[in-house]
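Chemist: Just so you know, the sequences run in chain order A and B. To convert, note that position 167 of the first sequence is 167 in this note's numbering; the numbers rise steadily by one, no gaps. To convert, note that position 50 of the second sequence is 50 in this note's numbering; the numbers rise steadily by one, no gaps.
I should point out that these hints are in silico values taken from the structure, not numbers from a laboratory. We put the beta carbon where it would ideally sit given N, CA and C, even for glycine. Accuracy of the hints is not assured; some may be wrong.
Claimed, not checked - Chain A is faced by these chain B residues, among others (derived, beta-carbon under 8 Å): (1) Leu-54; (2) Val-87; (3) Tyr-89; (4) Pro-90; (5) Gly-117.
Unchecked claim - A partial selection of chain B residues facing chain A, derived with a Cβ cut-off under 10 Å: (6) Ala-75; (7) Ala-80; (8) Gln-81; (9) Ala-91; (10) Ala-149; (11) Pro-153; (12) Leu-159; (13) Arg-255.
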Amino acid sequence: MSAPNGKAHWSLYLYCLFLLVPLYWLISMAVKSNRDILGGLELVPGNPTLANFVEIATNPAWYGAFINSLTYVCLNAALSITVALPAAYAFSRYRFLGDKQLFFWLLTNRMAPPAVFLLPFFQLYSAVGLFDTPLAVALAHCLFTVPLAVWILEGFVSAVPKELDEMAAIDGHSFPFFFFRIFIPVIRGGIGVTLFFCFMFSWVELLIARTLTASEAKPIVVAMTRTVSASGLDWGVLAAAGVLTILPGLAVVWFVRRHLVKGFAMGRV
Amino acid sequence: MASIRISGLHHRYEPDAAPVLEGVDLELGDGEAHAILGGSGAGKTTLLHLLAGLLHPSAGTIEFDGREVTGASPAERHVAQVFQFPVLYPALDVAGNLGFPLVNRGWSAAAVRRRVGEVAELLSIAALLTRKPKRLSLFEKQLTAIGRALVRPDVALVLLDEPLTAVEPAAKWRLRQALKAVQDELGLTMIYVTHDQTEALTFAERITLLHHGKVLQTGSPEALYQQPAHEAVARFIGSPGMNLVDGEVSAGSIRCNGQVLGTTAAADGRCLLGFRPEWAAVGDRGVPVTVRTTRALGTLSGVAAGLVTAELDGKVIHVQQRLDGLVGNQARLLVDPSRILLYRDGWLVNDATG
Chain A
1 MSAPNGKAHW
11 SLYLYCLFLL
21 VPLYWLISMA
31 VKSNRDILGG
41 LELVPGNPTL
51 ANFVEIATNP
61 AWYGAFINSL
71 TYVCLNAALS
81 ITVALPAAYA
91 FSRYRFLGDK
101 QLFFWLLTNR
111 MAPPAVFLLP
121 FFQLYSAVGL
131 FDTPLAVALA
141 HCLFTVPLAV
151 WILEGFVSAV
161 PKELDEMAAI
171 DGHSFPFFFF
181 RIFIPVIRGG
191 IGVTLFFCFM
201 FSWVELLIAR
211 TLTASEAKPI
221 VVAMTRTVSA
231 SGLDWGVLAA
241 AGVLTILPGL
251 AVVWFVRRHL
261 VKGFAMGRV
Chain B
1 MASIRISGLH
11 HRYEPDAAPV
21 LEGVDLELGD
31 GEAHAILGGS
41 GAGKTTLLHL
51 LAGLLHPSAG
61 TIEFDGREVT
71 GASPAERHVA
81 QVFQFPVLYP
91 ALDVAGNLGF
101 PLVNRGWSAA
111 AVRRRVGEVA
121 ELLSIAALLT
131 RKPKRLSLFE
141 KQLTAIGRAL
151 VRPDVALVLL
161 DEPLTAVEPA
171 AKWRLRQALK
181 AVQDELGLTM
191 IYVTHDQTEA
201 LTFAERITLL
211 HHGKVLQTGS
221 PEALYQQPAH
231 EAVARFIGSP
241 GMNLVDGEVS
251 AGSIRCNGQV
261 LGTTAAADGR
271 CLLGFRPEWA
281 AVGDRGVPVT
291 VRTTRALGTL
301 SGVAAGLVTA
311 ELDGKVIHVQ
321 QRLDGLVGNQ
331 ARLLVDPSRI
341 LLYRDGWLVN
351 DATG
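Could you build all of it, start to finish, from the sequences and the hints given here?
Modeler: What follows is the structure in structure tokens.
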């Protein structure tokens, strides 16, 4: 890559500005009162206030929704990795009847829009009493995140030379010792990237989350679409919730940013 | 350290697949440096896996010091292996990598440190002990990998799977010297697998040539060069390889194109005549040949000498000799009669002791 010249710099700044305007608007709305928001065009908030954030932190309907979301997202990520890591190892290291077919057809779930699965999920979870629990949403999301996780992890597993497995065996380590103490640390970057994608899918997914929950396990994305009170829409609180919803994603991206590039380079992401 | 005995080893990966190893017999003395030489697909790596216990043979037995280990797990065999590409635990520094096998066997921290220090000293990598693998050159990584293999004092056998492949040519020689020095000093039983005859000839006391899953010959480097037991060995060893031309034996004399080249006790019939480039001379007597090219490689006793490439019955032969007196394309080939080797159905049939 050549050194960026002045023109390239400007186009980059313009692009960033373009991306950041909506974000800035969201943040500025989050620190304004409803009256200021509806009052007129204001580039810089005149009377900044944290009242909206206080409302979220003290109202169980709001912070409960955050907790619900984080619960099923974490459950989903943990379940996906637990299931996908052994699967990816098997696909990478062993040859068995139909392995290539199975590996490819794993992706079929992702070829259908999630809406297709709404009805069966709703009916099934109602029947077994899982409806309106974070576990229901986590399990439903696994249908989409597990194949994705297997694909991403398989690339990372295959990038580890088979000799590492052989060396550990020759050194006299048992397979569980090798897998947990040697292998997982080696591919922790890949696990991070996979967690990121599971997290991203589950955190932003709205349709399934809304269908499989009612009141007890209402997630934040749903809470945000249903916040119409007697006094109309509560713009400021909504914007504050939006800001808070962005934060976990930012944190996760920050942790895996280096490995993410590697994942993209491998063509699996 | 251990002596190794392999007998009748067969291996196939699938029950109905072609065998990768077919009846391999091999005996190694305690502290022997042994090379297994063969092209790709000869079964070298499979043999190593069987020795390490990563695979179990379809038939045959493996004994370490007279104790059968055919079905034993890698952990029970006390084998160490150095791979083609250096494999190190990326999260550990050099000292951590060297000490890992010991830590897992319950050594005390002080004992591990002492042993790691000794091994690092031996390979002159003491200065690298605190570095992480990603800050090492390929050469240093492979040295560390070799150190890992040597660190356990109870190691019975060290397996080296083409350890110089990944190392740049300039460092190859140094690494080989380091390996050889360690082998001499510790008296380790080592099996060195390679497809490079120079590596095998310079490293090993004895060499086994493996070809399509069968042992063609086991012997000293000199024996493999002077008396190849099979024509594949004759072709494989030497650069250029041995010349092999059509001929026949009739009434005790070796003939080629009607010319008598020597005498033998072998039975009558057609056979291949084998001779090294330096055992023959192109001149004005012997079998007619067509000279294609001559390449001067220096002088011999003040006379230009080099490699003559000629054609005999459509087969290319190489002869190493003086280049004076070679005029025109038509010449004649004479071979040292005491050194002609006769091959029938691939195998050596006469015992030319030159």
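Chemist: Each hint should be assessed against the structure and marked as holding or not.
Modeler: Status of each hint after checking the structure:
1. Leu-54: Hint holds; B:Leu-54 Cβ to chain A Cβ min 6 Å, cut 8 Å.
2. Val-87: B:Val-87 check passes; min Cβ-Cβ to chain A is 4 Å, inside 8 Å.
3. Tyr-89: holds, 6 Å
4. Pro-90: Hint on B:Pro-90: holds, closest Cβ of chain A at ~6 Å, below 8 Å.
5. Gly-117: Interface hint status for B:Gly-117: violated (20 Å vs cutoff 8 Å).
6. Ala-75: Holds. Min distance 3 Å.
7. Ala-80: Holds, about 7 Å.
8. Gln-81: holds, 5 Å
9. Ala-91: holds, 5 Å
10. Ala-149: Since chain A brings a Cβ to about 9 Å from B:Ala-149, closer than 10 Å, the hint holds.
11. Pro-153: violated, 14 Å
12. Leu-159: holds, 8 Å
13. Arg-255: violated, 53 Å
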